[in-house]
Each structure stands twice: as structure tokens, then as C-alpha cells.
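Residues per chain are reported as follows:
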Amino acid sequence: MAIQSSIKANLYKDSVSLMRISQVTVARTGVQRVTLLMGTRSNKEFLQQAGLMGPALEGAKPGDIMIVVADDAGEKRAAAEQEIHSLIVGEEPKGGSAEAAADAPPRSISRGVAIADHADLAMISVPGPYAAAEALKALRRGLNVLLFSDNVPIEQEQAIKRVAARKGLLVMGPDCGTAIINGVPLGFANVVRRGAIGLVGASGTGLQEVMCQIHRHGQGISQAIGTGSHDVSSEVGGITMLQGLDLLAADAQTKVVAIVSKPPAGDVQKRVIERAGAIGKPVVICFLGGEPAASAGNVHRTSSLEETARQAVALAGERQPGGDEQSIEALATRVCASLAPSQRYLRGLYSGGTFCSEAQTIWRAAGLRVRSNAPLAEADRLADVEASQGHTAIDLGSDEFTVGRPHPMIDHGVRIERLLKEADDSTVACIVLDVVLGYGSHPNPAEMLAPAIRRAKAAARGQGRELPVICFVCGTDTDPQAYETQKAMLADAGAELVGSSTGAARAAQAIASRMAADDNATARRVMQGGER
Amino acid sequence: MNAAPSTLQNKTSVISLGASDLDRGVESSGAPLVRLQWQPVGDGSPEVAWSLAQLVGDTTDADCLGSRIDRANAEVLERILTAQPVWVDIAAHASEVWPDMGRTLLHAGPPIAWNDMCGPMKGAVLGAILYENWATSPREAEQLAASGGIRFAPCHEFGAVGPMTGIISPSMPLFVVENKTKGNRAYAPMMESGGAKTLRFGAFAPEVIEGLKLIETVLAPCLKAAVTGIDGGLPLKPLMSQSLHMGDDVHNRNTAATLLLYRAVTESLLKSSISRDLVHETLRTIGADDMFFLSLSMAACKATMDAAHGVPFSSIVTAMARNGVNVGIRVSGLDGQWFVGPADIPVGLFLPGFSEADANPDIGDSAITETAGLGAFAMAAAPAMVQFVGGTPQDALRYSREMAHVTIGRNPGFTLPMLDFIGAPVGIDVRKVVDESMRPVINTATAHKEPGMGIIGAGVVQAPMKCFVDAVGALATTGAR
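Heads up: the protein sequence lines correspond to chains A and B, in order. Under our numbering, think of the first position of the first sequence as 1, with each following residue one higher. Under our numbering, think of the first position of the second sequence as 1, with each following residue one higher.
A portion of the hints provided could be inaccurate.
Keeping only pairs whose Cα atoms sit at most 27 Å apart, straight-line, the calculated BS3-like set for lysine-lysine is [claimed, not checked]:
| id | chain 1 | residue 1 | chain 2 | residue 2 |
| --- | --- | --- | --- | --- |
| 1 | B | LYS237 | B | LYS180 |
| 2 | B | LYS466 | A | LYS13 |
| 3 | A | LYS8 | B | LYS11 |
| 4 | B | LYS237 | A | LYS61 |
| 5 | B | LYS224 | B | LYS271 |
| 6 | A | LYS255 | B | LYS11 |
| 7 | B | LYS11 | A | LYS281 |
| 8 | A | LYS167 | A | LYS281 |
| 9 | B | LYS237 | A | LYS167 |
| 10 | B | LYS466 | A | LYS44 |
| 11 | A | LYS61 | A | LYS13 |
| 12 | A | LYS61 | A | LYS8 |
These aren't lab readings, by the way, just hints derived from the structure by calculation.
Let the hints inform the model, and build the full structure from the sequences given.
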């Protein structure tokens, strides 16, 4: 494909704006591919790897927009480039009246603080290389920080967390996707009722799933504090997680605390468990993917998101939620009846990283070998992220899928492509999809996924197979996307709906185990000459 | 490392920067939300952004670098606001002020070598050499300059300021302005009459040299008599303050200030024993040039800002100056350093027959007025000025409002009637310039790029971001030590 590149100098736009411009340009001009990125070092490396780097882009500065248009037809490329330039200019603020200019929205944190109503929290989602600087400015002015941005240099993360700890302020993040502070949903967040359970978590979708389940069990959330994914590393030392525990210990509304995280580094893990044991409130700890551990004193250890939510709700006192083990077994039995013997492998196509980890944990515990682009053990890393191998769980929200593209919770395009590809594979026993609702996510994910599920199932059927697609919806009845409607649309497309991420992974595992057992039984019968 | 319990007790009020899609939850919750129109700071480099963040003050951490800077800046602001510049004297010759000047020529802007000078500055150097009789022909003068026989130095490093090319040679008379608060003095050459054919625009024809001699022999002695006749000298701050209320910015419009000076000088001269002819000659020179007061305005600002210079850790700009090639700034806490970037061509109106193609990049020490919170920073006082840039009086107000975002205080001595008599913004903080990505605005005249062609327009220009970015880097490095 022929490539044409140019620069729009001295104009910063965030990646969402740039992607919007790309989408509109493709839609209007029919050009094959448009890539718009700021001229940062890492973006240049990305273009280099993608084979999209042009000589015109070598001099691009971080404050310049790099424009790459790919199409075989020269006139299409030219039309697209013109369209891009006019869209970029069209979005610039108009040079209106002097009064308007004087009252222009503030650019800096200092001016934001000056005009805000006692600001006490900065929500920062600027590109990673700039994010810690903004966070430090906010902290110095006495604001807590939610740092949504990723790719923040580790030494900058350490520096801002040290300043924050000294000042008694929180840095949630970097790479913190969700939080609820005093009932205000931040970032990707579901609408849940307020209640007695306080959450601290290093994993965004894990927190979302636990808070949604707590809501569906009739309880609610006092506070949900995200720590970001690096906080529990030994370099950072779990500063935010420990602060979060202290805050929830002191918070009158919080009766029960739950921690959801990947397993922290050894020394950090020890400190977190010690602190949890000393806060005087029941604490449920789920270190997802870690070694199972025994509960002791006020500290209750769990190994799945579902169990974490259930345990927290039970400790909060009102009800004792039951599980759905039986319905999962029934589902597996029903689904397996229609599968061909060749269909043996699981494919999890996740938009939430925690769901991908949880699935791997559950599948491995059942003795399955699972490969992933985000593996629990390095030996299980997928050689090619585009090609599944045996049982595979993919995190479509990880870097290799999201550079220059929207997150799969916002744009389901990449996931749908992958779903159709898996449908073509005669060894696939079932597919698992997560559907995340709440603020920040796609306004109507089922509308995108339902037709794709229909197509995938039809494609498999065309090749003489059934293709079960297991879905779970991470959401609540109060989310803007309407939980029940989303489930109904997915069910109508033939998806098997399961009530939780844990349940979905278990159902898939039950299917895989049954298929392997059937296979063994067949083999035995063949060996014994019993099959005619 | 305990988090303050207040984190969860306050009503949550959010400032959001980055992807606006993430705001929806906050919006729906009804919590207060301010969305920033975020852009990378300064020149867009992440390293500068991180350096800048190290320089932010913190009311709960008095020892952090930013808090030290804030304290130093408060001291600097105090020095600026309490300065009392008074015109006290005329030095008959620059060599009286700096006896070991020798063959030194002072020039506008940051340091520059002969070979790198722009056309007008080279022309002015030749003129000054001829005026000093260090050579007998322009050609000889050029050989002398090129051979290294002249020492060049910025006016600013000598406590002086010069308009346009800003050349000061040993024989030139100078205004002497004293800051009564600190006792420091500042110097500026007198405005030559003669329009384009003046040394400050690089002309060196014989009549230009004659004009300089006339200043030396007539104007300077008369003005010395005039100022000596005013008891205690002429306080400039009240005069400039009054001029702002009469439509001047005391940088590019000095019509009112020149009249007020004329009034003070007239009475004093008539009391003196100077002959009626010389008094007439002097008053004619002052009266013929609406910009005559500019030298005194600049010297007053220089006397003010020099007193504010050299406060360790301060991030306040104490000089912005242009040599026709580069703009340089000096920062109070970074003594002995210039931070330079390429000078822009001013944006504005051109006299008939001239265009941007004829224009020299920004030149002159007169941006000391903006540094001291006047000029474009006080543009709200001088709505007539915005005609140069094709603007409306509203634009004049906007300049003064915007510059408040890059300064640390307001000067109650210089009030702006159109903005409800609020003080003009003063004290340019390099941190704020970079943080807001807002370059200081300078009102200026535009010089022809050929020597001796004079003024070809007027307008506004902005100091390059590079100066401020480099200063932020230096503050971060110096502070880290």
C-alpha cells in the first residue's frame, strides 16, 4: 500500500481527538488507512515498526501532529490529507471576540485551581511522558491525583508518590482506570449505590467487576480507590495501596474493606497483609493469580473476583449471596452436546486485563495450559499475538493492540475482527467475551457485538459446527447503558450469558474439560475396539 | 505516610485534563468540574515539563525548590513595587560614568559579535566610530570593527538601556536615573531628532554625526541645567502613572509623558541662566518628538528592575532585550546569564511603501518597559495603540488581562482605568510563561533591515519561548545543586 506523510506543526491534540479525525476521514474519503499521532519518540518508533515512517516525519517534534495516509490510489490519499487538514483546523477554537478570548478555558492546573470551586482532585489523562509533571503540580497545590495515563517513567512515579505520601495526598495511578471517591465516579466507572464496602485495587476492571457484583448483591460502595498497576511493585512499594487501607480504616462509612490486585511483589505483599491485619475492620484480599492463602484473623483471602464480592457482602452482614455453580455445570453440559470432537480449545477475547488474568488462573487451576499476550508465566507467552494457540486468553487492551487506536472498551472493532477469525478455527470449543458498561465505555456495546456474534456463529455453522459464545456483562441496572437491555440484546444474538467474569471463565473451563474427557473416552473406546 | 483523612471528607471537586470522555461520570454526579484546555507546556518537550514541575511552590513544604522560588519572588516583587526612579542628572559623557570604558561600544540586547550583527546595528557602530573620531571614513571604521579593535558589550550589563540599536559610545551624554529606594542608578542615551536619519536606526551620514554633536553640546548641558533646577530631581513614577491615565503605554506611545516632561523642563529652564536661544533649541527638540520621553521611561524601568536583579532562586525576568538577531532575557536568580532565542519580525502596520520583507527582526532594549509591567502589559491604558495591529480597544484590554497570567503581581502605582483601575500586571515569572505557554507581548517599532532607513512600522512582537524554557531548565539544575 502506498504511503503519504506530512506534519501539522505546533498543534497538540489528544489521541481521542486524533482518532476521531482519522475515523471521520476514512468514512468520508474511503481511504484505506489513516494514522494520526503526535511526534513523540515512542510514536515514531511505532510508525517505524508498522512500516509507516516517512522522511517527512523525521523532524516532527512532540508538539507536531504526524499525518500518515495509506492507499494505493494517489487521489484518495490527496483527498484524505486535505480532509484531515480541514478537520484539524475546523476543530481549532475560532478567533472570536476579545471577551471570549479573555474568558478562554484555562490551560494550566494553576489557573484551573484559581477558578475551581475548592478543587481537591486532579484527573489526569494526558500522554504519559507529560503526566507526572502535571500530577506533581497538582500535588504541590494540595490536590489528590487520579492518573489515568500510562507509560509514566518509573522514577517519576516514585517521585510523585513520595511527595504525595509526605503531604498525605493520594496518587491513584499511573495507569489507574477507575475510582469512586465520595460517590463521584472517576474515569471508567460504573454507577453503583453507596454502601459499607470500601475497595482498594491495582486492577481497574477487577475493581469494576467487584463493585458491580456488590451492587447486584444489594450492597454498595463507600469508596473505591485505584492504585494503578505498578503500585504493588517493589520499586513503588505499594505506597498508594497502604495509604488507601489507612484511608478506608479511618472512613466511618466503610465497614468492610476489599483489596483486588495482581499479586504484589514479595515485600509489598507482606506489608499489605500486615497493614490489613491491623486496621480493625474485616478485610477481603484477592491477589488474583497468586498462590492460594489461608485466611487469618480479620483478613479473608479469596482467589476470584466473584468470591471477593460475595465474601465482602457477607462480612457487611446483611445477606449471604449464593453461587451459580449448578447453572454453570448445566450450561457446559448443554453446550458440549452440540460440539464436534475437534472443538477443544478456549479463546478468551477480553477488553479488561484483569478478566484475562482471572481466566488464565481458573483455566490453569483446572490443568489447562493457557497462552496469552499477558501470560501469568513467561513460558506461556504467545509467539504471535495475532495467532491463538491452544487455549488462549487475549488482553485486547494491552499496548500492542492500542497504540494509535481506541481501547477495546470504547471501540470493539479489533475484537470483532478477532472474533470472526476465531470462528474460522475448527478447534475452537468456545469464545468468552467481556462486556464492560459504565462511564467511559462504549455507549451501546451490545449493539456492536450482537451482530458480530451472529456472524461468527453463522460462519461456524456454515462449516458444520456450533460456536458457543459466552458473555458476561460488567455493569449495573443504574449504568447509562442499561444492564438488562444489553444482556437481552446479547442473548438474542445467541450468546450464553453468565453472571460474572469468574462464572464465565469457569463455564468455559467446564466445557474444555468435558471436551477433553470426551476425547479421552473416545480414544479409550477406539483402543479397546469398542467403537464401530 | 498516612493520607490525611480529609481526602475522603471534603466534597470532591475535580480538575480534569486530557481525554474529555472520562469526565462523564463526574458530570453526572453533579460534582464541581473544571476542564482544562491542556497543551504540553513550553516547547512541548516532556523533559521541560518535568523540570517545570520541580519549580512549583508548596505551602506545606517551605524547603522545596518551588517554595524557595516563591519567597525569592515575593522579595523581587517588593523591590519592584517600592522602587522610586528619579531623574537626577545628565552625565555629559558616558566615559564619566564608566571611566575605563576605552574603545567600548555598548549595544542593545544580549551579547553579539560584529560579524553577527544585523544591518542597522552595524551601521550604528560605524556611526559611533566616526562620532568618536576612531576612524575618518566609514570604510576605515568598518575595518576597525572587523579587526577586533572595538570591544562590544550589552548596555544591560552596564546598568544602561538603549532604544533600537542602542549604541552608547564614550562621548555620548546620558540620562541618569536613580532608584531612591535602593540607591542604584540607570542610564540611557537621549533621543536624537531627525527621524530615520538617526544613529539608533543605523544611519551614519555626516548629518547624523552632526546631530549627535548637537546633543552633546546643546541638549545635554541644557537638560543638565533643567534637572539640576528641579529640587531633588524629577520623580518619574508619578509622571508615568499620570501618562497611563492620558493614553500612553510609555513604550510605544509617549505623547502625554513627553508633554509632562516638557512642562517640567520648561519652567526649570526659564528659571536658569541659559540663553533664550538654547532654551528654545532644547524645547524645540523635545516638542518635536512624541517619543522623547522613552529614554527616561526605559531608564526608570531599568533602575527598577536592576534593583530586583540578583535575588537567589528568583524566577522573575529582570530584562528582556533584543539585538536585532536574538532576544535575550535575564532572570533575577540566575545572575550573569543570558537566555537567548531568535528574534521575530514584529506584527503590525507598515508605513506606505514598506512591507514585512523590509523589516529587521525585533531590536532594542525598550522591552525593559514590558519587563517592568508597562508597554504592552499596560496596553489597556493606551487603546489608541491597538490601531497598529488592526485591533479594537477590546484587544488592548485583552493584552493587559492575558499578561496577568504570566506575572506574579500588580503594580498599584500604575493603574489601568479601563480595567476598573486595577494595577498593571508586573513581574514576569519564567515558570508561568512556560506553564501557560504564553509568551510575553512587547509593543515595538519596526526598523528597516538596511542601515539608516529608519522606522518602517510599528506593532507587537512576542519574546521567543526558548528563552523561558532554557531559564526554567537552568533554575531546575541550579536549584537541584
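Comparing the hints with the structure gives:
no.	hint	verdict
1	LYS237(B) x LYS180(B)	holds (11 Å)
2	LYS466(B) x LYS13(A)	holds (22 Å)
3	LYS8(A) x LYS11(B)	violated (42 Å)
4	LYS237(B) x LYS61(A)	violated (45 Å)
5	LYS224(B) x LYS271(B)	holds (13 Å)
6	LYS255(A) x LYS11(B)	holds (21 Å)
7	LYS11(B) x LYS281(A)	holds (24 Å)
8	LYS167(A) x LYS281(A)	holds (25 Å)
9	LYS237(B) x LYS167(A)	violated (44 Å)
10	LYS466(B) x LYS44(A)	holds (24 Å)
11	LYS61(A) x LYS13(A)	holds (13 Å)
12	LYS61(A) x LYS8(A)	holds (10 Å)
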